[in-house]
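So the chains spell out like this:
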Amino acid sequence: MSGYSFIEATPWQCAGCRLPLTPTTVSLTYLNSVFNVELMACPRCGMLLVPESLAAGRMLEVEQLLEDK
Amino acid sequence: MDQLQLRAFENRCIQEELPFCTAACPIHVDVRAFMAGLAEGNLREARKVLDRTMPFPEIVGRLCDEPCRPFCKRGEIGDPLAISMLERACVGMTAPVLKLPKLPAKGGTVAVVGGGLSGMTAALDLGRKGRKVTLVTAAEGLGGSLRSLPETMLPREAFPQAAALLEGYGVTLMLAADLTVERIADLIATHDAVYFDRDEIGPQLVPQAAAQPDPLTLALPAEGGFAGGGLGEDSSSFSVIKQVEDGRRAALTIERYLQKVSLTAQRDKEGVCTTRMHTVITGMASSAVLIPADPALGYTTAEAQQEAGRCIRCECLECVKQCVYLQEYKEYPKTLVRKIYNNQAIVQGTRNANRMINSCSLCGQCTVICPHDIPVPELCRTTRQDMVRNGHMPPSAHDFALEDMHFSLSESCTLARHQPGTSASRFLFYPGCQLAGSSPETVVRTYRFLAGRLQGGVGLMLGCCGIPARWAGQEPLFAETMDRFKADIARLGNPTLITACSSCLSIFDEFCSEAEIVSLWEMLDSLELPTGKTQAPGETLTLHDPCTARHQETLRLSVRSICGKLGMHIVEHDCNGPLADCCGYGGLMQFANPQLGGKAAGMKAGRSEHAGLAYCAMCRDNLAASGHRVAHLLDYIFPVADGQNPLARSNPGFSRRHENRARLKQDLLNSLWPEAAVLQPEHRQITLLISREVLDLLNSRHILEEDVQKVIHQANQTGRYLVNPGNGHQLAGFKPVRVTYWVEFEPTSRGYVIHNAYSHRMLLPEVGQ
Ligand code: SF4
Ligand code: SF4
Ligand code: SF4
Ligand SMILES: [Zn+2]
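Residue numbers (our numbering), protein chains in the order written: chain A, 1 to 69; chain B, 1001 to 1769.
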């Protein structure tokens, strides 16, 4: 799933910094695999958002794929 | 699993053995598939089956003397199928469908002397194999003694058709040949092998053919000579299919002779053979053979279809008929074990069978049903052990269940104490983690009853027997759990264990045989039950034995005896006792494959139209979750004061079960052992407000309320969360152990309203790490 982008307009804001989220690139890891993907995050403190659609969708698919490798 | 173990396992499942008809057919025509084609009205399909195995279907299909028929399983419940009459009808109504390929030409020359059906068959089979074959006959045409049959039995044109077919495969035909002794000697001298069809060639013509050929190979004592066909050994009967069998057998021998390999090795499956096929016919209605409206004309298409419809399509699949798991994966154990074997052999690539291996409930029903005691649960469980050992076990399969077990074995839930006011225990009540999770009040009431009735002190022990670890293939974890258990009971002076759960009992029986154990049910059955309060339900209930009580016969009898004493009206269904289904919990099926777990519960509950009575807490809750009315036997022995109908109790779900265990310990300590009370962790103080819908969502996503409390607690502690200014909701993620949970919540004055929760296993660079 490297190179994927999960950038979308979101009403969520960072509670600590009171800032709207902006796109950022992060490394996700699972069972010795690393993926660089774009997520929404707080531009100051880096607080991330993993939306439900990602957790229950693409992430789950990739997790299961890796578990059977 | 190695090759040998694979073969041994495969060999026990006889589903791929030949059906009775095929085994008794000298050339193994697939009669079952033929009948299926006809019964479905697919004549071409039926014809294809004949074309595949029969040489000259126009002839053999019309004339076969059906030695298979007496072996047809249908004969045990009515008349056997009219096999040859149906073959006759089929070839009469169809043209050839399948033309078998001719292999590339090879060396070796073969003379076939005599043009009867055995010679024709030998020539055809060898021609197809690419051998150079010459068939010589003194007759005007092919067919041998069949040439004298009336047109009504065999149309004349069948012989020129057969000749054309043979020539198509490159066979040289020499009809009306002058077959003198010299000519035959010449044929012998100029060919590598010679086959004598004794339907036409007598010993006066060929002195060496006077000897009896070897019955297995049809080889004559003279080098390169082979003979078959004609009358049977007793020289009295002429069998058409015997001609074919001989021709085919001789062709195979000649082929091996030309290849210079063993003529005799591995030929036991040729010709009529035995079969280990197992087909259950109990409950099937008997039926008589259909007589054609015009016996002289034989079956019409419709009649053939009807008669073929009587075929049972003999196979085994006895285990599959009952097992929801094998049905789901469309496997029978022989195919299952091959998939498992292949899955294990994968070095690089996707192991597609992982989930399948983890979905078996390990219930053992198949082993009881199978005529050869097929050990599927052993296979799946040991494979899981291998997967764990090799690091190939998908973490998501069992993590949740193992975490749950871990919790049951944690300080929050465990307890091991003598009866209050005593310092020794003659007995020790062990309710098990599932009864504690399902109905903690029942545990308390049962314990109070036992403590009041039994002499010598009744201790109490809360924990988990470790069966989830065993099912998950986690042997070290299981062994550790067992050791701890043994140390605990030793500390209490090795009292007699009273177990409420059949799973615990099965584990202790196998791994703690030094302990004295009695099931709660046998114990209750030996005591005077509480009077006055007990009330039988006003309706008939069907009793559901748990799968783990399969081999616990005395326990099952005690349960029935108790039901009788309570005046309950109980009915049994077919899949009970030794044949009991699993509710979906067994083998952690419902965790590795939640959807299938649901099906298993539905299947078990659906075995009877009556409301259910279970005596395993997990069965009770899973059947209730599948939407059925079901009570636990203890609900009637020790009824709750509130008068609630035990049949209507809903499934507590994972969170409630989890909490029940912790609360049970708290309550017991407060009421019975106040000196030992413990503190609850801080996050447990957080009040959650959760709608039914969100509760169901949490349950299906395997998210516990305690996980939600941990996320909120963490967010409050660190101030790291997201807010939605539009609605004031907050969103935070936290990873207590391996899974990251996200919770959308809303603080109110009464507590936290939970709007949503989800999880993932992939690791983020930040959240809670
Ligand atoms: S019961 Fe199942 S495992 Fe046993 S022989 Fe029949 S199909 Fe095979
Ligand atoms: S019932 Fe059908 S499959 Fe079974 S033996 Fe008879 S013809 Fe063969
Ligand atoms: S152990 Fe149970 S679930 Fe597994 S194959 Fe056998 S009957 Fe089916
Ligand atoms: Zn921030």
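It cannot be assumed that every hint is accurate.
[What the hints assert, rightly or not] When the alpha-carbon atoms are kept at most 27 Å apart in a straight line, the in silico BS3-like pairs for lysine-lysine are as follows:
id	chain 1	residue 1	chain 2	residue 2
1	B	K1339	B	K1106
2	B	K1099	B	K1132
3	B	K1599	B	K1565
4	B	K1073	B	K1260
5	B	K1099	A	K69
6	B	K1334	A	K69
7	B	K1048	B	K1339
8	B	K1106	B	K1334
9	B	K1330	B	K1102
10	B	K1339	B	K1073
11	B	K1260	A	K69
12	A	K69	B	K1330
No wet-lab data here; the hints were simulated from the structure.
The hints, checked one at a time:
| no. | hint | result |
| --- | --- | --- |
| 1 | K1339/B with K1106/B | 38 Å, violated |
| 2 | K1099/B with K1132/B | 19 Å, holds |
| 3 | K1599/B with K1565/B | 34 Å, violated |
| 4 | K1073/B with K1260/B | 41 Å, violated |
| 5 | K1099/B with K69/A | 44 Å, violated |
| 6 | K1334/B with K69/A | 25 Å, holds |
| 7 | K1048/B with K1339/B | 30 Å, violated |
| 8 | K1106/B with K1334/B | 38 Å, violated |
| 9 | K1330/B with K1102/B | 36 Å, violated |
| 10 | K1339/B with K1073/B | 31 Å, violated |
| 11 | K1260/B with K69/A | 48 Å, violated |
| 12 | K69/A with K1330/B | 23 Å, holds |
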